[in-house]
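> For reference, each letter of the sequence shown is one residue, going 65 to 295 in the numbering used here.
It should be emphasised that the hints constitute simulated quantities derived from the structure, not laboratory data. The structure displayed is predicted, hence computed values, not measured ones. Since no wrong hints were added, every one of them can be taken at face value.
Mimicking DSS-like on lysine-lysine, the simulated pairs with C-alpha atoms at most 30 Å apart in a straight line are:
{"#": "1", "residue 1": "Lys189", "residue 2": "Lys172"}
{"#": "2", "residue 1": "Lys235", "residue 2": "Lys215"}
{"#": "3", "residue 1": "Lys95", "residue 2": "Lys110"}
{"#": "4", "residue 1": "Lys215", "residue 2": "Lys286"}
{"#": "5", "residue 1": "Lys189", "residue 2": "Lys235"}
{"#": "6", "residue 1": "Lys268", "residue 2": "Lys286"}
{"#": "7", "residue 1": "Lys129", "residue 2": "Lys189"}
{"#": "8", "residue 1": "Lys189", "residue 2": "Lys268"}
{"#": "9", "residue 1": "Lys172", "residue 2": "Lys110"}
{"#": "10", "residue 1": "Lys268", "residue 2": "Lys107"}
{"#": "11", "residue 1": "Lys95", "residue 2": "Lys189"}
Computed spacing ranges between beta-carbons, pair by pair:
{"#": "12", "residue 1": "Leu260", "residue 2": "Arg119", "range": "24 to 32 Å"}
{"#": "13", "residue 1": "Ser283", "residue 2": "His179", "range": "22 to 30 Å"}
{"#": "14", "residue 1": "Gly168", "residue 2": "Asn282", "range": "40 to 48 Å"}
{"#": "15", "residue 1": "Ile159", "residue 2": "Arg94", "range": "32 to 40 Å"}
{"#": "16", "residue 1": "Lys107", "residue 2": "Ala162", "range": "31 to 39 Å"}
{"#": "17", "residue 1": "Ser283", "residue 2": "Gln174", "range": "38 to 46 Å"}
Glycine included, C-beta positions come from ideal geometry on N, C-alpha and C.
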Amino acid sequence: QLIADYYKPFNKAVYFIQHGLGAAFAEQARKRLLQIPVNDNIKTIKVGYTGNLLRQAINTGVLHKIIIAHPQIEFHFWGPSSIVSNNVTDVNESISTALLQFIGFLEKEQNVFLHGVTAQDDMAKAMQDMDAFLFVYVSTTDMNAASNSHKLLEYISTGKVVVSSMVSTYKGTGLLQMCDDDNGLPALFDEVINNLASYNTIEKQQDRIAYALQNTYNSQVKKIHQLLNIG
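Make a model of the complete structure from these sequences and hints.
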């Protein structure tokens, strides 16, 4: 939306099309929508994060605080954490010392699970077991000013609550639990985890899943066709 808004003064025919939900996630979302599980007595809370851990925009300081403060919670990460098998970070790209130290920290923590690069079908299935998700980007260092992210639609498709930095595209939707200032994210995370049942009610999960299914790749192609008056 941020990019679309930038070009609108120069061209009236500018439209925002949300990211598309992939087939693997859409399949899992449809299954879950038919029977949404109610986990009133969760033994071990599981929190998920997906994406390239070498991305400079990640707010490693906030994530570090959250993980350290919750040794009883499992934190699951999917995505590359090194240059090896990494198709989104250039081998010649300079990786900050702070980021490398953060990855070293993740590798040592007993409540952190690094699943690495995972096939989309397998990741989509595994993410269904999460109770919450995290999105923590620094807007000043992200290439898109953290205005949106493809992974957010995948998170939302599970129906589970997402604790997030401010993402302008989702502002006012109620689909993410956001904080204007990243320094407030640890407290927001505590609030959500301590009241997980109220953030993951059947109704809220249904709303999240329904939104994700309205934005599948097929749906987005149809929207583009309509805008172009094709078909």
